[in-house]
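Order-wise, the sequence lines are chains B and P. Numbering follows the UniProt record's numbering, in which position 264 of the first sequence is assigned residue number 264; successive positions increment by one, without gaps. Numbering follows the UniProt record's numbering, in which position 73 of the second sequence is assigned residue number 73; successive positions increment by one, without gaps.
Fair warning: there could be bad hints in the mix.
Over 12 Å on every C-beta distance to chain P, these chain B residues come out as not near it, computed from the model [as the list claims (entries may be wrong)]: (1) Arg29; (2) Leu39; (3) Lys61; (4) Leu77; (5) Thr90; (6) Ala93; (7) Ala109; (8) Arg171; (9) Leu177; (10) Gly199; (11) Ser242.
Per label pair, the in silico range of CB-to-CB distance [stated by the list, open to error]: (12) P:Val214 with B:Arg114: 33 to 43 Å; (13) B:Asp174 with P:Thr222: 37 to 47 Å; (14) P:Ala119 with B:Thr90: 47 to 57 Å; (15) B:Arg176 with P:His186: 20 to 30 Å; (16) B:Arg36 with P:Ala119: 53 to 63 Å; (17) P:Arg244 with B:Ala168: 45 to 55 Å; (18) B:Asp117 with P:Asn212: 37 to 47 Å.
Keep in mind the hints are simulated off the structure, nothing from the lab. In this text, a Cβ means the ideal position worked out from N, Cα and C, and glycines have one as well.
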Amino acid sequence: MSVTQATAAGTVSGLRGAAVPDSARPRRRTAARRWRRALSPLLIVLVWEAVTRTGLVPDSKLPAPSAVLGAGWRLALDGTLGGHLLDSLTRAAIGLAVGGGLGLVLGAAAGLIRLGDDLIDPPVQMARMLPHLGLVPLLIIWVGIGEPLKISLVALGAFFPVYLNAYAGIRGIDERLVEAARTCGLSALARLRHVVLPGALPSLFLGLRLAFAAGWLSLVVGEQVNAQSGIGFMMMEAREFSQTDVVVLGLLVYALLGLLSDFVLRIAERRALAWRRGLRAT
Amino acid sequence: MATRTESDVTDLDAATGRGAAVVVATGLRRTFGAATVLNGVDLVVGRGEVVALLGSSGSGKSTLLRILAGLDAEADGEVTTNGRVAVVFQEHRLMPWKRVADNVALGLRGADVPERTAAALAEVGLAERTRAWPAELSGGQSQRVAVARALVRQPDLLLLDEPFGALDALTRLKMQALLQRLRLEHGFAALLVTHDVDEALLLADRILILDNGVIAQDVPVTLAHPRAHDRPGFSELRRHLLARLGVPADPDG
Numbered sequence: 001m002s003v004t005q006a007t008a009a010g011t012v013s014g015l016r017g018a019a020v021p022d023s024a025r026p027r028r029r030t031a032a033r034r035w036r037r038a039l040s041p042l043l044i045v046l047v048w049e050a051v052t053r054t055g056l057v058p059d060s061k062l063p064a065p066s067a068v069l070g071a072g073w074r075l076a077l078d079g080t081l082g083g084h085l086l087d088s089l090t091r092a093a094i095g096l097a098v099g100g101g102l103g104l105v106l107g108a109a110a111g112l113i114r115l116g117d118d119l120i121d122p123p124v125q126m127a128r129m130l131p132h133l134g135l136v137p138l139l140i141i142w143v144g145i146g147e148p149l150k151i152s153l154v155a156l157g158a159f160f161p162v163y164l165n166a167y168a169g170i171r172g173i174d175e176r177l178v179e180a181a182r183t184c185g186l187s188a189l190a191r192l193r194h195v196v197l198p199g200a201l202p203s204l205f206l207g208l209r210l211a212f213a214a215g216w217l218s219l220v221v222g223e224q225v226n227a228q229s230g231i232g233f234m235m236m237e238a239r240e241f242s243q244t245d246v247v248v249l250g251l252l253v254y255a256l257l258g259l260l261s262d263f264v265l266r267i268a269e270r271r272a273l274a275w276r277r278g279l280r281a282t
Numbered sequence: 001m002a003t004r005t006e007s008d009v010t011d012l013d014a015a016t017g018r019g020a021a022v023v024v025a026t027g028l029r030r031t032f033g034a035a036t037v038l039n040g041v042d043l044v045v046g047r048g049e050v051v052a053l054l055g056s057s058g059s060g061k062s063t064l065l066r067i068l069a070g071l072d073a074e075a076d077g078e079v080t081t082n083g084r085v086a087v088v089f090q091e092h093r094l095m096p097w098k099r100v101a102d103n104v105a106l107g108l109r110g111a112d113v114p115e116r117t118a119a120a121l122a123e124v125g126l127a128e129r130t131r132a133w134p135a136e137l138s139g140g141q142s143q144r145v146a147v148a149r150a151l152v153r154q155p156d157l158l159l160l161d162e163p164f165g166a167l168d169a170l171t172r173l174k175m176q177a178l179l180q181r182l183r184l185e186h187g188f189a190a191l192l193v194t195h196d197v198d199e200a201l202l203l204a205d206r207i208l209i210l211d212n213g214v215i216a217q218d219v220p221v222t223l224a225h226p227r228a229h230d231r232p233g234f235s236e237l238r239r240h241l242l243a244r245l246g247v248p249a250d251p252d253g
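All chains, full assembly: derive it from the sequences and hints.
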């Protein structure tokens, strides 16, 4: 008897108050989990600080995190860091624009036009198998060791993810939606704008994020080949003068650049693909 | 490829003898590999006439509708349309990345598009959902948006490809009533592809049975509106159609 009552009461209260406890409880739990997840990285930094401060790990091998931040502050103040960062960012931007733009144009041509598919896709699929960072010696012969080398490396890294995802995104569009657009009297150009482009956008964003990751990686490699400026150059120069703190600082900057660009892209993606949130809500 | 003509002249009247026709199709043939799905279909839909196209599964009903909609580039024959044509498919086929109102307004131009869109959505009872994403709608609501998208084009001919086939039974009844009402208000002609004999009997002025790639039978439906299963004549016609479609007649009608 008491069991029955308890069940009935539980059901009623569960129905009536469903919105309050069900949404509040997981939120509190995720907040607690977020703090818990921050615990171990924090601990690692503390241990790192401790072992370097006490001299357990020599300063020349690994400087303390506070020393790295100090070096960062010093180089930021005298403008060195900003200058190198600007050069690196310029290379990344040009490389991504060239490689990504080419990937988009060729991917769209191969995805939309049968002739384009037959002519463009086979060589691209073959070239995709080459590790593009392995092309450095050949690229040096072709374009020298100056800026063009860095930019071509970034462009090569960005090209393939954008091409492949543009192609896949266009091919993955529901043909029935294109038909519906045709019955609504949309011209080929209008179908491209209202159906193909928005339909391929989720895939394009994925390609762009992968392109950014590949672009940063290519930049790291490119800037360690006879560069005169840039974050990579700053690290190589610091190694020669045994400034380990600046070397680690360079790594940190690369990591932050990758993190930041991915964050910005994810926000842009969330905005552009707002219709998918509705999809998830139901 | 089927020759498509868009005609403004009304001398189709003479050809059809039924008053102005919105679509005349002659000698439609369509093969898929070795299979001949349509083998010389002739079809006329008069202005304001609702024609139901019945046929068993795989009889080529949808193929025929796609040819009339201009979506089949590989069919042979001649199609002449006279007026605006709009299509409602079995699936709603709304662009998931466009809000409801933008889906309805797709491809429309002019300063009055927002008003026309709002009016069309109001007619299907969705005036409140103009800002919703398609993913937030139920199946019935989505299909009503698809109807609004067709309606806003002020069609002379509405091509309906099993438009309510994917809906639950109750929603289907409501949609049938909605279509009936819209037809009375706007006077469009319609070609309704369906496998539902009752739906055809409720809505159509004429029922065509597609069998073996040709129109095997052309049955005028003279039942008075509003129609219902228990009205005189309904069950007799229903039994006849079911028998023609190869379904053993149910003695209780």
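Verification of the supplied hints:
{"no.": "1", "hint": "Arg29", "verdict": "28 Å, holds"}
{"no.": "2", "hint": "Leu39", "verdict": "38 Å, holds"}
{"no.": "3", "hint": "Lys61", "verdict": "53 Å, holds"}
{"no.": "4", "hint": "Leu77", "verdict": "47 Å, holds"}
{"no.": "5", "hint": "Thr90", "verdict": "34 Å, holds"}
{"no.": "6", "hint": "Ala93", "verdict": "28 Å, holds"}
{"no.": "7", "hint": "Ala109", "verdict": "22 Å, holds"}
{"no.": "8", "hint": "Arg171", "verdict": "17 Å, holds"}
{"no.": "9", "hint": "Leu177", "verdict": "6 Å, violated"}
{"no.": "10", "hint": "Gly199", "verdict": "7 Å, violated"}
{"no.": "11", "hint": "Ser242", "verdict": "55 Å, holds"}
{"no.": "12", "hint": "P:Val214 with B:Arg114: 33 to 43 Å", "verdict": "35 Å, holds"}
{"no.": "13", "hint": "B:Asp174 with P:Thr222: 37 to 47 Å", "verdict": "42 Å, holds"}
{"no.": "14", "hint": "P:Ala119 with B:Thr90: 47 to 57 Å", "verdict": "54 Å, holds"}
{"no.": "15", "hint": "B:Arg176 with P:His186: 20 to 30 Å", "verdict": "26 Å, holds"}
{"no.": "16", "hint": "B:Arg36 with P:Ala119: 53 to 63 Å", "verdict": "56 Å, holds"}
{"no.": "17", "hint": "P:Arg244 with B:Ala168: 45 to 55 Å", "verdict": "48 Å, holds"}
{"no.": "18", "hint": "B:Asp117 with P:Asn212: 37 to 47 Å", "verdict": "39 Å, holds"}
Of the numbered hints listed earlier, those contradicted by the structure are 9 and 10.
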